[in-house]
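Novice: Protein chains in written order, with numbering that gives the first Met the number 0: chain G, 0 to 260; chain S, 0 to 329; chain D, 0 to 266.
Simulated from the structure, these hints should not be mistaken for laboratory data.
A few of these clues could be false.
[Stated by the list, open to error] With a straight-line cut-off of 35 Å between C-alpha atoms, the simulated DSBU-like cross-links for lysine-lysine are:
| # | chain 1 | residue 1 | chain 2 | residue 2 |
| --- | --- | --- | --- | --- |
| 1 | S | LYS209 | G | LYS1 |
| 2 | S | LYS97 | G | LYS245 |
| 3 | D | LYS225 | G | LYS194 |
| 4 | G | LYS245 | S | LYS125 |
| 5 | D | LYS133 | G | LYS197 |
| 6 | D | LYS225 | D | LYS203 |
| 7 | D | LYS45 | G | LYS219 |
| 8 | G | LYS8 | G | LYS249 |
| 9 | G | LYS245 | S | LYS6 |
| 10 | S | LYS96 | G | LYS103 |
| 11 | G | LYS194 | D | LYS45 |
| 12 | S | LYS209 | S | LYS149 |
| 13 | G | LYS103 | S | LYS40 |
| 14 | S | LYS97 | G | LYS15 |
| 15 | S | LYS220 | S | LYS125 |
| 16 | D | LYS94 | S | LYS161 |
| 17 | G | LYS245 | S | LYS4 |
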Amino acid sequence: MKSLKIILKFLYLKFKSHIAFRTDTVLQILFGILDTLFAFLFFNVIYSYVDNVVGFEKGEIYILTGTAYLLDTLHRSIFGTGIFSLSILVKSGRLEKYLIRPFKPNVLVAFREPRFDMFYRLPSYFVLFIYGFYLLKTFPSFFDILLFFTSFSISSLIYIFLSYNITLLTFWIIEVYNLYYIIYDFYEFARYPEKIYKGIFRKIFITIIPVIILSNYPVKFLLKERNYFFLFYQIFILFIFFLIFKLMWKRGLRRYEGATI
Amino acid sequence: MEVIKVKDLHKIYRRPIKEKGLKGSIKEFFKRKYEEVHALKGISFEVYEGEILGFVGPNGAGKTTCMKILSGVLYKTKGYVNVLGFDPFKREKEFLKKITFVMGLEGFLEEIVWDISARDGLYFIKDLYEVNDKVFLENLNEMVEILDVKDILDVPLRRISKGQKMRLELIASLIYNPSVLFLDEPTLGLDIVSQKNIREFIKYYVEKNKATCILTSHYMKDVEELSDRLIVINNGEIIYEGSVQGAIEKFSGKKLIKFSLKDERDKEKLKNFYPKIHKDKEEGIYRILVPKSFASEITKNLFQNFEITDITIEEPELEEVLRDVFESSS
Amino acid sequence: MFLKVLRKYIAVSEIMILDALQYKINTFFLLSVILVPPLAYFFLWKSIYTQKEIIGNYKLGEIITYYIITYFFLETKPRAPWDIAHSIKNGGFSKYITKPINHFFFYFFSEYSYLFVWWITAVFGVVILFFALKNYVILPYGLLPFFLSLLFSFFGGVLGFIIEYILNLLAFWVERPFAFLRFFDLTIYFLSGAIIPLDLLPFKNVFLFLPFKYISFFPARIFIGKEVNINILNELFILFFWIILFYSISQIILYLGRKSYSAPGSI
Chain G
0 MKSLKIILKF LYLKFKSHIA FRTDTVLQIL FGILDTLFAF LFFNVIYSYV
50 DNVVGFEKGE IYILTGTAYL LDTLHRSIFG TGIFSLSILV KSGRLEKYLI
100 RPFKPNVLVA FREPRFDMFY RLPSYFVLFI YGFYLLKTFP SFFDILLFFT
150 SFSISSLIYI FLSYNITLLT FWIIEVYNLY YIIYDFYEFA RYPEKIYKGI
200 FRKIFITIIP VIILSNYPVK FLLKERNYFF LFYQIFILFI FFLIFKLMWK
250 RGLRRYEGAT I
Chain S
0 MEVIKVKDLH KIYRRPIKEK GLKGSIKEFF KRKYEEVHAL KGISFEVYEG
50 EILGFVGPNG AGKTTCMKIL SGVLYKTKGY VNVLGFDPFK REKEFLKKIT
100 FVMGLEGFLE EIVWDISARD GLYFIKDLYE VNDKVFLENL NEMVEILDVK
150 DILDVPLRRI SKGQKMRLEL IASLIYNPSV LFLDEPTLGL DIVSQKNIRE
200 FIKYYVEKNK ATCILTSHYM KDVEELSDRL IVINNGEIIY EGSVQGAIEK
250 FSGKKLIKFS LKDERDKEKL KNFYPKIHKD KEEGIYRILV PKSFASEITK
300 NLFQNFEITD ITIEEPELEE VLRDVFESSS
Chain D
0 MFLKVLRKYI AVSEIMILDA LQYKINTFFL LSVILVPPLA YFFLWKSIYT
50 QKEIIGNYKL GEIITYYIIT YFFLETKPRA PWDIAHSIKN GGFSKYITKP
100 INHFFFYFFS EYSYLFVWWI TAVFGVVILF FALKNYVILP YGLLPFFLSL
150 LFSFFGGVLG FIIEYILNLL AFWVERPFAF LRFFDLTIYF LSGAIIPLDL
200 LPFKNVFLFL PFKYISFFPA RIFIGKEVNI NILNELFILF FWIILFYSIS
250 QIILYLGRKS YSAPGSI
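Chain G extracted, bound-state conformation (with noise of 0.2 Å):
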């Protein structure tokens, strides 16, 4: 309770920053759009060809990708350039200063820089959720959106860790700090229905690196699929992904050398 205190209280310094400081909104409501325009024409033309993509129907595919959009601008705006900027704390010895605080370091970098201005670009996304839902003309249950929200939260923690890990690897390659987007490279894949993955690629984005599941298994449970199975093997790969964290973070400490004799 205290730590989610101080943690709230870390944003709302951070939210005052953003309020002091004049921010690019309409920029961002029009990234927003464009994004969503984008999407919108590129499966406009490919459905003009085809009724379904193994078995997504148009209105399907849309509730996929806003899904697959508001799961990754959430997270981008909360802790994305905060985990990613581990990789520079590192790099030119600022991490100190939050290694030398009464308070879980790891937890503080990742809020250290949110983007609240990315959050206008939630709007277009949900547009586009909703959009889905009008071209297939059914609404899924109450009880169905709940298992929705359960699982696309274990997504964005699988995502957080995820993207962590592979931050976390400045403590062992410094120079490559270019590692960390490639994180999002792979979040291409999150925007396409899992059963278009065959082969080798599909058993890594399930496992090692889970991308598909992110988006997907949300999605399935609006989509009528309903299978618990999904949340748990969720739970398995938050899981995993958490021990490793741990772990790599302790190791990492060990490894750290700070910038300067």
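Dock chains S and D against the given chain G, drawing on the hints supplied.
Specialist: Here is chains S and D on its own, set in the frame of chain G:
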């Protein structure tokens, strides 16, 4: 009472060897060579309650490394370290609440607030360190008064000058009443007024709170005025431990001759005569550090060969002494 | 994939990222930019083509090759570094006024010298993709389309650079140029055909008229043998026309900008 105890502390860094050019980069990518840097070679010392220990030595001597190990930031390679009864690297909450680490210009305030005021940042630090409101306000009022920062407390940090920012950072580092202070170059790059102000404040804080402090500084004035005791460290080894006065005596046994030349054209000749000569840029005064027994002979010599004005023979200051030591060792 | 450009620029400080991004040795890890989007498209389009043999006049092999080549051209095109906008904002621009160097060509050539290492790395990425998807990709039917494709992409890249250069110069007037630049980056991505081949879009004539198609759409089409009947000289002429036009515009803007330049940071 012993607050900090260090015994046979070693720190070895592994540093990648950079190879030049594209070929080197590619090779480096697959297999990197490392060299080992022995930053601390088995140092031992203690610091007692209420004491300010001055840590001096040239860049890369191991001062900062040592403080980072003592504050739990870096992991030691070998040896025993104890601060306030804690093993620093475990980074227990109770330990971290009792220490502070001021890292020159790398402040925590500017890390957490930039576009907003220092006051916002200080309130967050209050929550982070779980300081109760009454104590916090008392400390804040007092520190703001002494450091004279009342009118910048509510200004966005990015608009504040370096010297004033440092004062605010100092408040941020001490507002929760830490009992162990690691001060790494607290006055680096500041104007003389700020330096003095900060020195006085540190002295006041340590006395009032019976705090323990390790201090490094490039400015010998800081060290001379503040330190109760001095450790001189060079190449990861302690080469002196004792009083400031003692250091001057040990390393010098020397006198400082100060003088001016009537004719600056004799400069070159002077350099041949005595290569290790220093000249104060502002005053145009030459300084030579000489062994005590030779002082009068050299003075005589100077008078014979040059036209000299304003000559004095003094006890050297610490800075002068150490410069001499490190120059001859490197 | 729509966030392509953003993804790269989003993290900590905009300038720092540029440092990271722009063609340092570590570009090796940026290979994922070349590899991942085409791979994602591969899986998607492969599923779509199970129902139809031809979509829009593209066969499966053509569309997959199209994406690989498009991404290669887009990611290896020269970029006018955001340093330009940054230097205008922080006052660093002053040093160009006082020195006898051409502002445009200074950035243009330093960009190409950086680009070289990245280009080789990216070719390596394309080879990997072609090898991994060897049953799906197609190669040009001869050397001519191959070279023509490279030729057009080169000049398309020059055009892209000039456009981006102009956008950087708008920092003379725009208050927050980076956000502005990002926005146009994303737009140019779409307009050069990275998301979907331009001729499949509604109102395709508009998109095919705009100069952005030369950055990647058009050269990629030559590569997959879709532009056999075009009058190459004619297209090249149009491309040069655009280059000259935009270059002239850039010089006018530079001139106007210098007039209104207030040299922040120095009095």
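Novice: Are the hints correct? Go through all of them and say.
Specialist: Checked hints:
Distance restraint check for LYS209/S and LYS1/G: the Cα-Cα separation of roughly 30 Å lies within the 35 Å cut-off, and the hinted pair is therefore satisfied. For the proposed pair LYS97/S and LYS245/G, the alpha carbon gap of about 26 Å is at most 35 Å, so the pair holds. For the hint pairing LYS225/D with LYS194/G, the CA-to-CA distance comes to about 31 Å; that is within 35 Å, so the pair holds. Proximity of LYS245/G to LYS125/S is assessed by CA-CA distance (about 28 Å); at most 35 Å being required, the pair is judged to hold.
Distance restraint check for LYS133/D and LYS197/G: the Cα-Cα separation of roughly 16 Å lies within the 35 Å cut-off, and the hinted pair is therefore satisfied. Only pairs whose Cα atoms come within 35 Å are accepted, and LYS225/D paired with LYS203/D is accepted, the gap being roughly 16 Å. The suggested pairing of LYS45/D with LYS219/G holds, with an alpha-carbon distance near 22 Å, which does not exceed 35 Å. Taken as a hint, the LYS8/G and LYS249/G pair is honoured in the structure, with Cα atoms around 26 Å apart against an allowance of 35 Å.
Annotation: proposed proximity of LYS245/G to LYS6/S holds, straight-line Cα distance about 31 Å (limit 35 Å). This hinted pair checks out: LYS96/S and LYS103/G have alpha carbons roughly 13 Å apart, not beyond 35 Å. Distance hint between LYS194/G and LYS45/D is fulfilled; the C-alpha atoms sit about 11 Å from each other, no more than 35 Å. Under the criterion of a C-alpha separation no larger than 35 Å, the hint pairing LYS209/S with LYS149/S is consistent with the structure, at around 26 Å.
Pair hint LYS103/G plus LYS40/S holds up; C-alpha atoms about 31 Å apart against a cutoff of 35 Å. At most 35 Å may separate the alpha-carbon atoms for a hinted pair to count; LYS97/S and LYS15/G meet this at roughly 29 Å. About 32 Å separates the Cα atoms of LYS220/S and LYS125/S, which keeps this hinted pair within 35 Å; it holds. Using a Cα cut-off of 35 Å, the hinted pair LYS94/D and LYS161/S holds, with the two alpha carbons roughly 26 Å apart.
The straight-line distance between the Cα atoms of LYS245/G and LYS4/S is roughly 30 Å, inside the 35 Å bound, and the hint therefore holds.
In this structure, every one of the numbered hints holds.
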